[in-house]
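Top line first, the protein sequences correspond to chains C and E. If you're matching positions, the first sequence starts at 0 in numbering that gives the first Met the number 0 and goes up one per residue. If you're matching positions, the second sequence starts at 0 in numbering that gives the first Met the number 0 and goes up one per residue.
In short, the hints are calculated from the structure, not lab data. For each residue, glycine too, the CB sits at the ideal point set by N, CA and C. Just to be clear, a hint being listed does not mean it is correct.
[Claimed, not checked] Chain E side only, calculated, beta carbon under 7 Å to chain C, not exhaustive: (1) Arg-50; (2) Thr-52; (3) Leu-211; (4) Glu-212; (5) Gly-261; (6) Glu-654; (7) Leu-658; (8) Leu-683; (9) Glu-684; (10) Val-688; (11) Val-691; (12) Lys-692.
[Stated by the list, open to error] Once the Cα atoms are required to be at most 20 Å apart in a straight line, the calculated SDA-like pairs of lysine to any residue come out as: (13) E/Lys-697 with C/Arg-151; (14) E/Lys-692 with C/Ser-168; (15) E/Lys-334 with E/Val-175; (16) C/Lys-104 with E/Arg-54.
What follows is the residue order along each chain.
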Amino acid sequence: MAARGPNISNVPLTSARRVVLRGPGATELALTVNGQAVTVQVPPRRTLLDTLREALALTGTKKVCDEGTCGACTVLVDGRAIYSCMTLAVTCEGKRVETIEGLAKDGELHPVQRAFIDADAFQCGFCTPGQIMSIVALLRETPAPTEDDVRRAVAGNLCRCGAYPNIVSAGVNAGKRKR
Amino acid sequence: MPRVVKSREEFEGEVYESLVLVEGKDLPVPRAGTEFVEIAHSRRRIDGPQRVTGRARYTQDIYLPGMLHVRVLRSPYPRARVRRIDTKKAEALPGVRGVLHRFNAPKASFRGEETIFREEVRFVGDEVAAIAADDEQTAVDALRLIEVDYELLPHVVDLEEAIGDMAPRLETDGNVAEAATHKRGDAKRGLREADFVVDATYRTSTQLHNSLETHGAVATWDGEQLTVYESTQHVFGVRQGLRTALKLPFSKIRVLCDYMGGGFGSKGGVGKYSIIASLFTMQLGRPARCVLTRDEENLAAGNRSATLQQLRVGGKGGRITALEHTSWANVGQGKWVANPTGPTNTLYDIANLSSKSYKVVTNAGSLSAFRAPGYVEGTFALESAIDELADKMGVDPLVLRRKHAASPKDPMVGKRYSDKHLIECYRIGAAEIGWQRRRRSGGIRGSAPHRRRGIGMATQIWGGGGGPPAYATVHVNSDGTVVLTTGTQDIGTGTRTVLAQICADELGVELDDVQVRLGDTDNPYGPISAGSLTVASVGPAVRIAARDAREQLLGAAAGVLETPMAELRLEGGVVVTKGARTPLSEILTKVDNNTVIGKGARHPNDPDLSLRTFGAHFAEVEVDVRTGEITVEHVVAVHDIGRIVNPTTARSQVEGGVLQALGFALSEERFVDRATGRVMNGNLENYKVPTVKDVPAKITVKFVDRPDRRANNLGIKGLGEPPIIPTAAAIANAVANATGARVRHAPLTRARVLEALAIAGAKS
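The following block holds chain C by itself, in its conformation from the complex:
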């Protein structure tokens, strides 16, 4: 990864590894969000979650605990479901981030989104973006998941309204649908 901007320097750590140092102030970060290349200024201590919500106005990803215990902030980074509140934005240089806002294409809902509506898999809806992203990640690896697969995928996503039974149904049903 090349050094860019005055606040970033390539410091040789060992002969084998190099690490990018940033800061102390805000530095430029380039990444792909929902298929679009974006560049944002981020302080080193800002999380990916806050960057998405505040710098990129992608407020679909929710902040519930901000400490990696609820799953509401789940997004995909290079295809993997991660907690964006536990991820510093600066670690996402050059990575591919997918959020709830990127799922629907040309006005058509993603099969998981449709399955959530059909199965009534949410009440207040605050955990829903995180639940959906966890299941989207699951379906890419396991296109026809069992109930247990879905349970494992959303085991780290809390729902206080208790929509779990319908979330599990939605996950299984989404696997049966074709896009």
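Starting from the known structure of chain C, fit chain E onto it as the hints suggest.
Showing chain E alone in chain C's frame:
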């Protein structure tokens, strides 16, 4: 002409008489056998697409240009006097724009106090100061630079310690205050004459709401008008609170809550965070956002009181002869108390009864309503005790309950119930769970020799009749589309969808053509989304508004089509005459630009009736007698809540209530360190809310589904709270049935189950 009428409404177990403003006449209840187009049919939530795409904007998602971020410094001590606050260093931090604390904040009334920053802070988490800064991290950094001198004062946080003589007195009258009593017959005599008496003490722990969206507000002042976006169950309540705090007229305050991420009772009125955000925006001229962190949420945003409850129940000749119930509830710094003796007073027809409820203040965060406040705690104790008595008497606990559950009269107030099908709930539930398989004691072998299996049940009574005031308008545009407007909120229960169904049905248009606008004090008044009253309050008003609009539309159609109005019908957005079908839009575009506005008000409840909801939950559990682990295999939930408007959302509501109850029953418990007064598990890591893996293998949801024809013009009642009420007792009773061990403290943690098993073992 509007006129004033008397009404009688129940809210969270209390009955209120009021004068309400209504207009016109109420509509008759649709006849039995009426075929609805929308009502009584499962419909997808109309706001589903918004919620699954992340487009739904919650309070947390409101970012306004130039917005300041507010963070609050909270007391680290359970009781202390704030002597001095030095904010010089904090104010010097670049990006800090304002500081508020007790020495500089303007007067602002909040729950009977004249300030929001107290001289004497009374719990860990009490507001000491607030910082407004350009970004959140700067505000957080600045908080650390505030220096405060505290003079520590003696404190008490534990309920039983606070009742005792050694505790510091927090109020001049002491820590314990009588809150409610009820007496009928002679309970002492009834107990004396009983052949069997259960005398037991039950406890419930403090439960934290943990709504996923924390409490918070974004306020903006334009020099004339204060606009507050707040995550609330009652926009009009917040407006009232802001008016009191800020001395602004209603016309200058607008409160909005479009989407909200759960409240469960805790978001009933204005919070200090919204007053603080308002003070900052009015001082600094920039929008201000104050959203609590998870940690703050669990310190200062309410909880379900821990309780200590004593019950004495007497039985003779297969019947309950007397019941005595005394309850103490830890309200923290709360000003009110929920009533755990509510179900005791009303559920069963028992001749000799005496109950007392006390509130106990401590140096902990205030209680706030939590989904069926008091009734969840009280039902756990009451229904456990009834089972214990049945066991002692050697009778089937369901048979014993049936003898006292059939009365058509409210035993507390002596009025007739508008409707009641509790016995039917018992019948359905017993059949679904397979009650006949239940052994009287000792349960049956489970899936392994060390696993015992048992069945238990418990009953619920709750209000949910709703009532006035509630208003709605229905605007029909000239293209035939409809906007339904009311001030109430959708807190995730499906209010938007259900009201749209009622509107589309009565008006005769397609559901897709109805937009619902709510959560706004610029709308007609709508009630708090609490007490299971939203739909039963607003639904009948929506129906009247839709009928009013329909009549106007048919009037217009009669003119355009030159056909008598009596020969016209409106169905699915089409005006139907004998020979022709004309779309509404076609008719409305034949006249010049227009808006048809229908108005509706909720009419009063019959003051001679008692409006209640009833239900019963049955649970089948397996208990690992080596570890004390309880596995809930099957929960059957049966409810009598009048006509069901949307079977899908109703079922979801019940499943959700059962799961939240499962937390109360098995895992949720706030821990406060007695020495320091600190909440030790104010986060989602150590405070255990149920996860997807805790869901019982099977949840069966059933409704009696008969319209309550005396309740309101739709025969509907509420469902928000009933499904959380009886689950914990049903599980405790199933555990006792499985193992012979009676756990009298919710949650039934493994430690408590093992302790009860040891006691049961020692006895046998």
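Now the hints, each set against the structure:
no.	hint	in the structure
1	Arg-50	holds, 3 Å
2	Thr-52	holds, 6 Å
3	Leu-211	holds, 4 Å
4	Glu-212	holds, 5 Å
5	Gly-261	holds, 4 Å
6	Glu-654	holds, 6 Å
7	Leu-658	holds, 3 Å
8	Leu-683	holds, 4 Å
9	Glu-684	holds, 4 Å
10	Val-688	holds, 6 Å
11	Val-691	holds, 4 Å
12	Lys-692	holds, 6 Å
13	E/Lys-697 with C/Arg-151	holds, 18 Å
14	E/Lys-692 with C/Ser-168	holds, 14 Å
15	E/Lys-334 with E/Val-175	holds, 12 Å
16	C/Lys-104 with E/Arg-54	holds, 14 Å
Of the numbered hints stated above, none is contradicted by the structure.
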